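Trainee: Spelled out, the chains give:
Protein chains: 2
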Amino acid sequence: MKTKNAAGRMVETTICGIKFKPFSGARKYKYTSKVTSLANALKKCGLKDGMTLSFHHQLRNGDFVVNKTLEAVKELGVKHIKLAQTALFNVHTPVIDFIEEGVVDRIEGSINGPVGDYVSKNPLNSPVVLRSHGGRWAAVKTGELHPDIAVIAASAADERGNATGIIGENAFGPISYSQVDALYADHVIVVTDNVVDYPCPYQEIQERYVDYVAHVDCIGDPRKIMFGTTKITDDPMKLKIAHDCVDLMDAAGFIKNGMVFQSGAGGISLATMKYLGERLMEKNVIANCATGGLTKLIIDIYKAGHVKHLYYSQVFDDYSVKFVQEELGLPADIGHYADPTSKGRTIDGLDTVVLGATEVDTDFNVNVNTHSDGRLLHGIGGHQDTAAAAKLTIITCPVYRKTNPIVREKVTTLTTPGDVVDAIVTNEGIAINPRRKDLIEKVKDKLDNLVSIEDLKNRAYEATGGPAEINLGDEIIGVTKWFDGSLLDVIYRVRD
Amino acid sequence: MKTKNAAGRMVETTICGIKFKPFSGARKYKYTSKVTSLANALKKCGLKDGMTLSFHHQLRNGDFVVNKTLEAVKELGVKHIKLAQTALFNVHTPVIDFIEEGVVDRIEGSINGPVGDYVSKNPLNSPVVLRSHGGRWAAVKTGELHPDIAVIAASAADERGNATGIIGENAFGPISYSQVDALYADHVIVVTDNVVDYPCPYQEIQERYVDYVAHVDCIGDPRKIMFGTTKITDDPMKLKIAHDCVDLMDAAGFIKNGMVFQSGAGGISLATMKYLGERLMEKNVIANCATGGLTKLIIDIYKAGHVKHLYYSQVFDDYSVKFVQEELGLPADIGHYADPTSKGRTIDGLDTVVLGATEVDTDFNVNVNTHSDGRLLHGIGGHQDTAAAAKLTIITCPVYRKTNPIVREKVTTLTTPGDVVDAIVTNEGIAINPRRKDLIEKVKDKLDNLVSIEDLKNRAYEATGGPAEINLGDEIIGVTKWFDGSLLDVIYRVRD
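As given, the protein sequences belong to chains Y and G, one line each in that order.
So in my numbering, spot 137 of the first sequence is number 137, and the numbers just go up one at a time.
So in my numbering, spot 437 of the second sequence is number 437, and the numbers just go up one at a time.
Hints should not be assumed to be uniformly reliable.
Where chains are identical, the list cannot tell them apart; a pair therefore holds if satisfied intra-copy or between any two copies.
[Stated by the list, open to error] Below, computed lysine-lysine pairings styled on DSS-like, alpha-carbon distance capped at 27 Å:
1. Lys283 x Lys43
2. Lys30 x Lys43
3. Lys240 x Lys437
4. Lys28 x Lys442
Treat the hints as calculated values from the structure; they're not laboratory data.
Model, not experiment: these values are computed from the prediction.
From just these sequences and the hints, can you work out the full model?
Mentor: Have a look at this one:
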C-alpha cells in the first residue's frame with residue numbers, strides 16, 4: 001500500500017513481503033545533565049515496594065553507598081526491597097536495621113560477617129542466594145536475577161554518566177562487576193562524590209546505560225578496601241602451607257615459561273604469591289599471565305619481569321589502586337573473567353589457583369560459606385569459577401582450628417564440589433584427589449609429604465574429638481548455587 | 001520435595017515458592033585454540049543457504065575480508081546469503097559476481113560505488129536497506145537485523161579471539177562497528193592475518209563472544225583506507241564553502257571555549273576542519289571535544305592544544321592509525337557514539353557538524369544516497385545521527401554541478417529530513433532553515449551572504465534548465481530508513 005509519510009514522501013508499507021513503518025517525524029535531540037540527588041534519582045527511576053536493587057562491592061569494607069541508598073529508600077517510605085549486591089561487609093551492619101524495619105526483606109548476593117550472622121538466625125522472606133562471581137554475572141544475563149535499579153558506586157563520573165573507579169580521591173580500581181547490571185537493569189544510577197568534566201577519562205560504565213548520576217558527599221573510605229581476606233598471613237604454620245603449595249605447583253611441572261596463575265584472596269593464598277614470585281625468580285621463569293585480584297605482591301612479580309601480563313578484575317590494596325592509575329594494563333570485567341555462559345574467559349587458561357576453605361571433606365568438597373557452627377559468614381567469590389577452570393586447583397587449610405576439625409567427613413555447606421578440586425594442602429601434609437592419577441604420578445617421587453585425605457580427617461578427629469553437634473532449625477535461610485544456576489546446597493537456620 | 005543432588009547433598013526443589021534445579025555435576029573446563037581456516041570456521045558455525053553474514057567496513061577500500069568470505073561461501077556450495085556489511089566500496093566489485101551466481105541475494109547495509117550502480121539496475125530479492133550508523137546498531141540490538149554469523153576483520157587477534165584493529169601490519173584503528181554484532185549474532189568469526197600471543201594487548205572484540213579465529217594470509221591493504229570521501233578538497237570554490245561554514249559557526253556563537261564539534265567525511269567537511277582549527281587558534285579558543293572520525297587535521301588541532309579530547313569511532317588516515325597506537329585516547333564504539341535507543345551518546349553534546357549532500361531541496365531535505373539520475377551510490381554513514389544531534393547542522397554543496405541542479409524542488413531520495421537541518425552553505429550563499437528563527441536572529445547582522453533556499457534553487461534552475469528527466473522502473477531496489485527504524489523513502493530501479 002502506498003502512503004505519504006511525515007516527510008511527504010510516497011512510500012510502500014509492504015515491499016517484497018517485508019513490512020515497513022512509515023517515517024513519522026524527526027526532531028533535534030536535546031540532553032540535560034543527569035546529576036541529581038540520590039533520593040531524587042531513586043524516585044525518578046520509579047522506586048517502589050518489592051523492587052530489586054543491585055550494588056557492587058568494590059569499596060569492600062569502606063563502602064558507604066549501600067547504606068546511604070537504603071537510608072534514602074527508607075526516607076521515601078519504600079519497603080520489601082531485594083538487595084542484589086555482589087557482597088556485603090562489616091560496614092554494612094546497618095542492613096540489619098533495614099531488615100528489621102522491613103525496608104529489606106530478601107538478599108541475593110554474598111554476605112560477609114554480621115549481616116550473615118544475623119540472617120543465619122533470622123530467616124528472610126526467601127533464602128539468601130549465594131553465587132560465584134561468574135554465576136552472578138550469568139544470572140543477571142539470563143534474567144534469573146533481574147535488577148530493577150542498578151546502583152553503581154563510582155569515584156568519578158561526568159554529568160552524562162560515564163563513570164570510573166580508577167581516579168578520584170576515593171578511587172578503588174576499575175568497576176568490573178556492574179557492566180552486566182548496567183546492561184540488564186531497567187534503570188541505572190551512578191553514585192559518585194566526584195563529578196568531573198565531560199568526558200570522564202575512564203569509562204568502565206558508559207553514559208549509554210545511565211539514567212541518573214547521584215551526587216553524594218562521600219562514596220566511602222578506600223583505605224578500608226584492604227579488609228579481612230586481603231591481608232597476608234604472618235602465622236608460621238600458614239606460611240609453611242603456602243610454601244608447600246609452591247612446591248606442589250613445581251613438582252607438578254606448572255612453574256615454567258608461559259604459566260598462567262591466579263591467587264584467591266585470603267592470607268595463605270597471598271603468602272603463596274610471595275613464594276611463587278621467589279620461585280619464578282630462582283628458576284628464572286617468566287609467567288605469561290596473572291589473573292584475578294591485583295595486590296602489591298603480584299605487581300612486584302610483574303615489575304621484576306617475571307609475569308608478562310596482569311589481567312585483573314579487582315584491586316585489593318592501595319598500592320594496586322595507584323598502580324592502575326599509572327599503568328592501566330588489562331582490566332577484565334567479571335563477565336570477561338568468569339561468565340560461564342560466554343565463549344571464552346580469562347580464567348579458561350589458568351594453570352594454577354590457590355584457594356581457601358572453612359572446611360573440606362573426604363570427597364574433596366569445599367565449604368567457604370558457613371563456619372562449622374552453621375553460620376553463613378562468607379561469600380563464594382571466584383572460588384567455584386577458578387576451581388573448575390584451573391589445571392591445578394589447590395585448597396589450603398589447617399587440619400583443625402582449636403577444637404574444630406577442618407578436614408572432616410562431610411562439609412557443613414557445599415561451595416565447590418570435589419570433582420574440580422585437585423589437592424588439599426594442609427599443615428600436616430598434602431592430599432591429592434585420587435581422581436587425579438596423572439597428578440599423583442607426576443609428584444609422588446618429588447614430594448615427601450603426601451598423605452591421604454582420610455588420614456588428614458583422622459588426625460583432625462583425634463585432635464578435636466570430631467565435629468561438634470550443631471543446633472539447626474528447619475528453615476532454609478540460604479542456598480549455594482553452582483555457577484550453572486543449579487542448587488548445590490541449602491543452609492539451615494542456626495538456633496541461638 | 002527433598003532430593004539428593006549429584007554432590008550427594010539433600011536439597012529442596014522448591015523453597016519459599018521459588019523453584020530450584022538440583023546440581024547435576026561439575027567438570028573441569030577445557031579449552032582449545034580457536035584458530036582455523038576461514039572455510040572451516042564458516043562450516044563449524046553451521047553456514048547454510050539463506051543466512052545473514054555481517055561485516056564491518058573499517059578497512060574501507062582496502063578490505064579483502066568480504067570478498068574472501070564470499071569466495072569461501074561459494075566454495076562451500078552455499079547460496080542466498082544476505083550481506084549485512086556496514087559498507088561496501090569499489091574493492092567489493094566482485095560482490096556483483098557473487099550476486100549473479102546466486103551466492104548473495106539480499107543486502108542490508110551501505111553500498112558505495114559499483115555494487116550500488118549494479119543493484120540500481122538489477123533489483124535483488126528484496127530492497128537494499130540503508131541505515132545510519134546509529135540506526136544499524138539499533139537494528140541489530142532490537143533484532144530487526146539479525147546476523148547469523150558475524151565476520152569481523154582484525155589486524156591482530158589471539159588464539160582465543162581477543163581482537164583489535166589498532167596493532168599489526170594492517171592496522172586500521174579500533175574496531176568499533178562490530179561489538180553489537182558480536183553480542184547478538186549466533187556465531188562470531190574473527191578474521192585476522194596476525195595471530196598474536198595471548199592476551200592480545202587491545203581487545204575491542206573479546207574472546208567471550210568469539211567462536212573461531214580464521215587465519216588468512218592478508219585482511220587487506222590499509223593504505224587504501226583513505227579513499228573517496230576522506231580526502232580534503234583543493235577546489236577553490238569548495239574551500240570558500242568550507243570557510244563560510246566556519247564564519248557561520250562563529251556568527252552563531254559556537255566558537256567558544258568548551259565547544260564540541262564533529263566533521264563528516266568528504267572534501268568540504270575536511271576543509272572546514274582546517275579552517276576551524278585556524279579560527280580556534282586565532283581566537284585562542286579551546287574546544288572540549290571532537291567526535292566522529294579521526295584525521296590528521298583533527299589531531300593537529302588536538303596537538304596544538306585547541307581541543308581537549310578526541311572521542312573517535314573511526315580512523316580515516318594512516319597518520320591517525322599511527323597516532324592511536326601511541327595515544328589511545330577515547331575510542332567510542334558506534335553504540336556509544338550514536339545508538340538512538342541508548343540513554344546517552346557521545347554525539348548528544350554536539351554543537352556543530354558539517355555534512356555533505358548529493359542534493360538538497362527547498363524543504364531543507366538532504367539526499368546523500370543517490371545521484372540525481374537515481375543511482376544508489378553512497379551510504380548514510382553518521383549523517384542522520386549527527387544532523388539530529390547537533391545544535392548547528394550545516395549541509396554543504398554547490399548550487400549546481402555541471403548541468404545538474406543540486407539545490408532543487410525535491411530531492412531524488414530522502415536521507416535526512418529538513419526538520420533537523422539548520423543551514424545550507426553553498427558557493428552562492430548561505431540559506432538558513434526558516435524554522436530556526438533564533439539562528440537567523442543571531443547571524444543576520446554578521447553575515448552578508450544569507451539567501452533564501454528558493455533563491456538558491458532558482459539560480460540552480462536558471463543555470464541548468466532544471467532537473468533532467470530520469471528513467472525509473474516500478475521495482476523498489478532500496479529503502480532509506482530513519483534511525484528509529486521507520487521508512488523515510490524508497491529507491492526505484494534505474495532503467496539502462
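Trainee: Compare the structure with each hint and give your call.
Mentor: Going down the list of hints, with the structure as the test:
1. Taking the shortest Cα distances, Lys283 and Lys43 never come within 27 Å of each other, neither inside one copy (60 Å) nor across copies (45 Å).
2. When the C-alpha separation of Lys30 and Lys43 is checked against a cutoff of 27 Å, the pair qualifies only within one copy, where the shortest distance is 22 Å, while the shortest distance between copies is 47 Å.
3. For a Cα distance limit of 27 Å, the shortest separation of Lys240 from Lys437 inside one copy, 25 Å, qualifies, whereas the shortest one across copies, 80 Å, does not.
4. Taking the shortest alpha-carbon separations for Lys28 and Lys442, only the inter-copy value of 19 Å comes in at or below 27 Å, while the best intra-copy value is 69 Å.
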